[in-house]
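J.: Sequence:
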Amino acid sequence: MYVSNSLRAPFAATVLAAALAAFAVPAHADTSRPTIVLVHGAFADTTSWDGVATALRSDGYRVMVPDNPLRGPANDAAAIEKVLDGIDGPVVLAGHSYGGAVITNVHDTKVKAMVYIAAFAPQQGEPIAIAMDPFRFPGSQLQPPALALEPSNSGLDGYVAPDAFNSVFAQDVSPATAATMVAHQHSIAVTALLEPSGPAAWATTPTWYLVSAADRVIPPAAERFFAQRMGAHTTEVDASHASLVSQPAVVAASIEQAAR
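Positions -29 to -1, 1 to 231 (mature numbering (1 follows the signal peptide of the UniProt record, and there is no 0)) are the ones given, in order, by the sequence shown.
The reader is advised that the hints may include incorrect statements.
For each label pair, taking beta carbons as the anchor points, the in silico distance ranges come out as [to be verified]: (1) R107 <-> L165: 11 to 21 Å; (2) P115 <-> N46: 24 to 34 Å; (3) P170 <-> K53: 37 to 47 Å; (4) D209 <-> N124: 34 to 44 Å; (5) G31 <-> E121: 39 to 49 Å; (6) P115 <-> G31: 22 to 32 Å.
For the record, the hints were derived by calculation from the structure and aren't laboratory data.
Since the structure is predicted, the reported quantities are computational estimates derived from the model, not experimental observations.
Using N, Cα and C, we set each Cβ at its ideal position, and we do this for glycine too.
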């Protein structure tokens, strides 16, 4: 995980607060509605969903924001399935970026709808590295040196270089917001990008997709391809890859469409 030394103490305090808030249920939550589970992507943590979760909770939804280990679709989907085991009633599952590959591999009959936010949606047997084919879908700026590598317990992890984060990952947020996102950045195992996806849950579940039309990480053409292949209800927002941070109200509205 990449965390700058100067931010480790406030980062730890923020992570603790986020952990306590991740499973919060608002007092006015409507228990007849589905629980919404938000799965973050690579180069982020649960706090990336803060604005969206706040909007959903203010509208009366129960929201859970579990940690995504970022070790590989099968491993990470199993972690999310353990969270779903503790939920009674229907679930709407939303994933951002790599989180889309994770929810694609989640299989639970409580999941009644899936929402992809600028996310990967691989089919069975397809690794993310192939799904993001630069020949069919050129334009991603997440290339070295913006994409950096570091040794990890799993071999090698990738993260977004701090000096490129604002311009590549989230060009529509302020430098201060981008700095906070960098402080919360979690690296992803490189092997996660090469792991073939399992059976696609989207093949048997209603899906929604919100395309980020100004995405510099996953080319918008790739996102539109994923959405069309799934047969998803598709909308677009003029936003960076980090639409959940820059446009939380729009993202929340897309999730609520699925919840309804």
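J.: Using the Cβ atoms, figure out if P115 sits within 22 to 32 Å of G31.
T.: Given range 22 to 32 Å: violated, Cβ gap about 45 Å.
J.: With 34 to 44 Å as the target window, see if D209 and N124 comply at their CB atoms.
T.: holds, 39 Å
J.: Between R107 and L165, is the Cβ distance one that fits in 11 to 21 Å?
T.: Distance hint for R107, L165 holds at roughly 18 Å.
J.: Verify the CB-CB distance for P115 and N46 against the hinted window 24 to 34 Å.
T.: The hinted range 24 to 34 Å holds for P115 and N46, with Cβ atoms some 26 Å apart.
J.: Taking the CB of P170 and the CB of K53, does the distance hold inside 37 to 47 Å?
T.: 19 Å Cβ-Cβ, so the 37 to 47 Å window is violated.
J.: Taking 39 to 49 Å as the hint, is the beta-carbon distance of G31 and E121 inside that range?
T.: This hint holds: roughly 42 Å between Cβ atoms.
Comparing the model with each earlier hint shows violations of hints 3, 6; every other hint is respected.
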